[in-house]
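The primary structure of each chain is shown beneath.
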Amino acid sequence: MSHIKIIDGKTGVTVEREMNADELAQQEADAVAHAEYETAVAAKEDARQSAIDKLAALGLTVDEISAAFGLENN
Amino acid sequence: MATNFPASLDTLTNPTSSDSLSSPSHSAQHANVNDAVEALQAKVGADSSAVTTSLDYKVADHASRLTTLESAPAPTGGLVYITKATLSGASVSFDNVFDSTYENYVIVMSDVSASASVGMYFRLRASSSDAAFTRYYWHQHEGQYNSSSYQGRNGSGVTYFHVLPQVQGTSTDVAATTITVYQPALAKYTGINHDGYEANVGRNIVKGAGFYQNTTVFDGFSLVLTSGTFSSGTCFVYGLATS
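Residue numbers (this note's numbering), protein chains in the order written: chain A, 1 to 74; chain P, 1001 to 1243.
Derived from the structure by calculation, the hints contain no laboratory data.
Note that the structure is predicted; figures quoted are calculated from it, not measured.
Please note that a few of the clues may not be correct.
To be verified - Once the Cα atoms are required to be at most 20 Å apart in a straight line, the calculated SDA-like pairs of lysine to any residue come out as:
id: 1; chain 1: A; residue 1: Lys44; chain 2: P; residue 2: Gln1166
id: 2; chain 1: P; residue 1: Lys1084; chain 2: P; residue 2: Thr1180
id: 3; chain 1: A; residue 1: Lys10; chain 2: P; residue 2: Asp1099
id: 4; chain 1: A; residue 1: Lys10; chain 2: P; residue 2: Lys1188
id: 5; chain 1: P; residue 1: Lys1043; chain 2: P; residue 2: Leu1055
id: 6; chain 1: A; residue 1: Lys44; chain 2: P; residue 2: Ser1149
id: 7; chain 1: A; residue 1: Lys44; chain 2: P; residue 2: Glu1142
id: 8; chain 1: A; residue 1: Lys10; chain 2: P; residue 2: Leu1186
id: 9; chain 1: A; residue 1: Lys10; chain 2: P; residue 2: Thr1083
id: 10; chain 1: P; residue 1: Lys1084; chain 2: A; residue 2: Arg17
id: 11; chain 1: A; residue 1: Lys54; chain 2: A; residue 2: Ala68
id: 12; chain 1: A; residue 1: Lys10; chain 2: P; residue 2: Leu1240
id: 13; chain 1: A; residue 1: Lys44; chain 2: P; residue 2: His1062
id: 14; chain 1: P; residue 1: Lys1207; chain 2: A; residue 2: Lys10
id: 15; chain 1: P; residue 1: Lys1188; chain 2: P; residue 2: Ala1209
id: 16; chain 1: A; residue 1: Lys44; chain 2: P; residue 2: Tyr1150
id: 17; chain 1: P; residue 1: Lys1084; chain 2: P; residue 2: Asp1219
id: 18; chain 1: P; residue 1: Lys1188; chain 2: P; residue 2: Asp1099
id: 19; chain 1: P; residue 1: Lys1084; chain 2: A; residue 2: Glu45
id: 20; chain 1: P; residue 1: Lys1207; chain 2: A; residue 2: Glu38
id: 21; chain 1: P; residue 1: Lys1207; chain 2: P; residue 2: Gly1143
id: 22; chain 1: A; residue 1: Lys10; chain 2: P; residue 2: Gly1143
id: 23; chain 1: P; residue 1: Lys1084; chain 2: A; residue 2: Val13
id: 24; chain 1: P; residue 1: Lys1084; chain 2: A; residue 2: Gly12
id: 25; chain 1: A; residue 1: Lys10; chain 2: P; residue 2: Ser1149
id: 26; chain 1: A; residue 1: Lys10; chain 2: P; residue 2: Gln1151
id: 27; chain 1: P; residue 1: Lys1084; chain 2: A; residue 2: Ala40
id: 28; chain 1: A; residue 1: Lys44; chain 2: P; residue 2: Arg1153
id: 29; chain 1: A; residue 1: Lys10; chain 2: P; residue 2: Asn1096
id: 30; chain 1: A; residue 1: Lys44; chain 2: P; residue 2: Ser1148
id: 31; chain 1: P; residue 1: Lys1043; chain 2: P; residue 2: Asn1032
id: 32; chain 1: P; residue 1: Lys1043; chain 2: P; residue 2: His1062
id: 33; chain 1: A; residue 1: Lys10; chain 2: P; residue 2: Ser1127
id: 34; chain 1: A; residue 1: Lys10; chain 2: P; residue 2: Asn1104
id: 35; chain 1: A; residue 1: Lys44; chain 2: P; residue 2: Gly1152
id: 36; chain 1: A; residue 1: Lys10; chain 2: P; residue 2: Ala1209
id: 37; chain 1: A; residue 1: Lys44; chain 2: P; residue 2: Asn1154
id: 38; chain 1: A; residue 1: Lys44; chain 2: P; residue 2: Val1217
id: 39; chain 1: A; residue 1: Lys10; chain 2: P; residue 2: Gln1183
id: 40; chain 1: P; residue 1: Lys1207; chain 2: P; residue 2: Leu1186
Please build the complete structure, drawing on both the sequences and the hints.
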């Protein structure tokens, strides 16, 4: 089970409890969404790096690749 | 014996039924009591006493100062502290922090770390429930210390604002961010602007903005890790005074 902490700004009362079924379902959905998003970001990064490598193989320098395409090695 | 009061308390001798009038001296007994009573009166003070060392003067003076403080107008301008909390568990929610008192709010988080490298979502909240609906629209830029290029991320009709992409699972590589929340308690679109860093391997600088595409009136928000639990972190909530 996962803990949730809830603070009431008016009363100052803090409640710590286990997540209910709806909150747990949302947590699982968030984890899946985040994993999918990170996979997509990684794929985009791989494509960017692949483009840099191919341009370099054509003889372009790092500065030329950056100036022409805005691509930089990380 | 002259009275010692108020410098110190007197020790008076009580006569017994078998004592003569001369021992202890009857007149001296009266004189001692008279001296002590006069010292007490001086200490208490007459009504509306102007003697600054008297209790009457001090009580009246303090009552007057208290009335002045109570009738003073509330502070205006700048940030007004609302509440704070230490981050723990898988998510931290704040209820009853947004209302008609302020139009805009500032949320400051620092020393944020988690049990693993995870993302942190920011979700609006109403009546003790997260608004996990597909109405969040945002864009964020992530820059790294070793590159002048940046990476963009966006969310279009998703169920969250993504304010920290990589909260780290170490006590030293902490993250921090400041989120400005615009008009959450008004029946208008709620917007946010956030600006933070993640002191991890990539040394990310994160900036972004977004809005919730609905006129829901919100009274709180949640900080939600995409997995794991908070290891550290503090969150402060402030209202931006309207005058």
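Against the structure, the hints come out as follows:
no. : hint                   : verdict
1   : A/Lys44 to P/Gln1166   : 17 Å, holds
2   : P/Lys1084 to P/Thr1180 : 15 Å, holds
3   : A/Lys10 to P/Asp1099   : 10 Å, holds
4   : A/Lys10 to P/Lys1188   : 23 Å, violated
5   : P/Lys1043 to P/Leu1055 : 6 Å, holds
6   : A/Lys44 to P/Ser1149   : 14 Å, holds
7   : A/Lys44 to P/Glu1142   : 14 Å, holds
8   : A/Lys10 to P/Leu1186   : 18 Å, holds
9   : A/Lys10 to P/Thr1083   : 8 Å, holds
10  : P/Lys1084 to A/Arg17   : 19 Å, holds
11  : A/Lys54 to A/Ala68     : 14 Å, holds
12  : A/Lys10 to P/Leu1240   : 17 Å, holds
13  : A/Lys44 to P/His1062   : 69 Å, violated
14  : P/Lys1207 to A/Lys10   : 30 Å, violated
15  : P/Lys1188 to P/Ala1209 : 16 Å, holds
16  : A/Lys44 to P/Tyr1150   : 13 Å, holds
17  : P/Lys1084 to P/Asp1219 : 15 Å, holds
18  : P/Lys1188 to P/Asp1099 : 13 Å, holds
19  : P/Lys1084 to A/Glu45   : 37 Å, violated
20  : P/Lys1207 to A/Glu38   : 18 Å, holds
21  : P/Lys1207 to P/Gly1143 : 9 Å, holds
22  : A/Lys10 to P/Gly1143   : 38 Å, violated
23  : P/Lys1084 to A/Val13   : 11 Å, holds
24  : P/Lys1084 to A/Gly12   : 9 Å, holds
25  : A/Lys10 to P/Ser1149   : 44 Å, violated
26  : A/Lys10 to P/Gln1151   : 39 Å, violated
27  : P/Lys1084 to A/Ala40   : 35 Å, violated
28  : A/Lys44 to P/Arg1153   : 11 Å, holds
29  : A/Lys10 to P/Asn1096   : 6 Å, holds
30  : A/Lys44 to P/Ser1148   : 18 Å, holds
31  : P/Lys1043 to P/Asn1032 : 16 Å, holds
32  : P/Lys1043 to P/His1062 : 17 Å, holds
33  : A/Lys10 to P/Ser1127   : 13 Å, holds
34  : A/Lys10 to P/Asn1104   : 17 Å, holds
35  : A/Lys44 to P/Gly1152   : 10 Å, holds
36  : A/Lys10 to P/Ala1209   : 28 Å, violated
37  : A/Lys44 to P/Asn1154   : 13 Å, holds
38  : A/Lys44 to P/Val1217   : 37 Å, violated
39  : A/Lys10 to P/Gln1183   : 19 Å, holds
40  : P/Lys1207 to P/Leu1186 : 25 Å, violated
This entry does not satisfy hints 4, 13, 14, 19, 22, 25, 26, 27, 36, 38 and 40, going by the numbered hints stated previously.
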